[in-house]
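*Asks:* Those protein sequence lines, which keep their order, are chains B and X. Following my numbering, the numbering of the first sequence begins with 1 at its first residue and continues without gaps. Following my numbering, the numbering of the second sequence begins with 1001 at its first residue and continues without gaps.
The set of hints was computed from the structure by calculation and includes no laboratory data. Just to be clear, a hint being listed does not mean it is correct.
Said to hold, decoys possible - Straight line, CA to CA, 25 Å or less: simulated DSS-like cross-link-like pairs of lysine-lysine:
hint, chain 1, residue 1, chain 2, residue 2
1, B, 49, X, 1042
2, X, 1033, X, 1043
3, B, 144, B, 164
4, X, 1054, X, 1042
5, X, 1200, X, 1154
6, B, 164, B, 151
7, X, 1054, X, 1043
8, X, 1081, B, 83
9, X, 1154, B, 164
10, B, 49, X, 1043
11, X, 1054, B, 83
12, B, 83, X, 1033
13, X, 1154, B, 144
14, X, 1200, B, 83
15, X, 1002, B, 19
16, X, 1154, B, 49
17, X, 1081, X, 1033
18, X, 1002, X, 1081
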Amino acid sequence: MINLLPTSAVADANLARLKHWVSTFTTVVLVGYVLVLAGLAGRSWYLAKRTTTVSAQVATLTSQMGQLAETEAVLRQQDDRLKSIRQTLDRRVDLAQTASTLAAANVTVTDWEYMEQLPPVQNVVAVGSSAANLEAYATNLRYKFATDVIKTLSLRLDGQWQIKLQLTGGKP
Amino acid sequence: MKVWSWVVYPLAVVVVVLVSANILFGNLGLWDKLSASQTQLKKQAEMATQLRAKVSRLQSADLVTEHQNLDYLIQILPPDKNLPVLLAQIQQAASVSGAVFESFRGKVGEVTASQSGTVADALQLQVTLQITDLGQLQRALAYLESSLPLLQVKQVRMTGTRVDLVVEGLWSSLAHLPAGVEYAVPDTSADLAQIRGQLKNYSTLPVSEIPSETGVNSTPFQ
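All chains should be built: construct the whole structure from the sequences, respecting the hints.
*Replies:* The structure is reproduced here in structure tokens:
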């Protein structure tokens, strides 16, 4: 009769090692699994507790916000209005300063037209007793407004010189 | 049979792990719940932080002072069109400069504002002044441009002693500001101080010149 069971001492030792290894590995896995579960349970408990605390804080703060709603509305309206005012002041052209720039000695401005558009265009008519003065006036305006100037110089019937200027671009 | 009994322990562990893991993370969705509650907590914590900052900022503000500040800003940029005040400003400018306020015409359109408070129309007047020289016009413009409520001279047409001005009274309706935790409460003190500094030399109409709303047709134009 042939005996198929491992009966040798080596086979027994190998089987015992395998049993020991499997048992140890299983225990490690089980302990690890239990630890992970415990960790997750702890985390879940912590999150639940923390959520309750934070929710209570949010509720309290929301209630305080309700009491301070008027202050918030006033402050935000202020901010909105400040932005509008700033925008208005930034884009506004100082026409009083422009008029002041147009005035010059020996030259009388008779006509002035300014229209708010892009690029800004100004039409100026000035008279003076000397053509040279008017030429200098035109050059001066070109420099001060940093703009292009189209000029037409003419002699009037009353003997006065007249210059028509069109100032385009630049900053009035 | 006794020979294989050592396999029972690892098999039992494998079965317990698989079954319990399937129940916990599969059927009960423990992992999803944990993730969801973590996300929820993060959101709540962020909201609490924002609310705390807002409450702290609001508690430090004095409501009476802030109302006064808003009133000042409304004086600079009114929330609605005020034709009588604009006319009074122009009359005052003419008076101060020595010009003669000859006539005016204009159009007051419908007041419409979008949700963001953007002004859809304007209060514009075409004004005719009689002047003696450019200096007088310059003084009138200087008064208008340093006058409160803010206005803007859009067009100047001076022909000899006659000046046609297009003057726009600036206004901006009170904005419809949405409520919500995510909207921070701005610190306006620095901007307010800057505007106060910039406009400190601006003049307001003398009290006697401020027209009463009573009996005034605020929309005389069609």
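*Asks:* Does each hint fit the structure? Answer for all of them.
*Replies:* Now for the hints, and whether the structure bears them out:
1. 49/B x 1042/X: Distance of about 13 Å is within 25 Å: holds.
2. 1033/X x 1043/X: The hint holds at about 15 Å.
3. 144/B x 164/B: Given that 25 Å is the threshold and the Cα spacing comes to 17 Å, the pair holds.
4. 1054/X x 1042/X: Given pair residue 1054/X, residue 1042/X holds - Cα atoms ~18 Å apart, limit 25 Å.
5. 1200/X x 1154/X: 23 Å, holds
6. 164/B x 151/B: At roughly 5 Å apart (the allowed maximum being 25 Å), residue 151/B and residue 164/B satisfy the hint.
7. 1054/X x 1043/X: Given that 25 Å is the threshold and the Cα spacing comes to 16 Å, the pair holds.
8. 1081/X x 83/B: Roughly 19 Å between the alpha carbons, so the hint for residue 1081/X and residue 83/B holds.
9. 1154/X x 164/B: Cα-Cα ~22 Å, so holds.
10. 49/B x 1043/X: Holds, at roughly 15 Å.
11. 1054/X x 83/B: Between residue 1054/X and residue 83/B the Cα gap is close to 21 Å, so the pair holds against 25 Å.
12. 83/B x 1033/X: 45 Å, violated
13. 1154/X x 144/B: 21 Å, holds
14. 1200/X x 83/B: OK: residue 1200/X and residue 83/B at ~18 Å, within 25 Å.
15. 1002/X x 19/B: 13 Å, holds
16. 1154/X x 49/B: 64 Å, violated
17. 1081/X x 1033/X: Answer violated: residue 1081/X to residue 1033/X is near 57 Å, above 25 Å.
18. 1002/X x 1081/X: 100 Å, violated
When held up to the earlier numbered hints, the structure conflicts with 12, 16, 17, 18 and fits the remainder.
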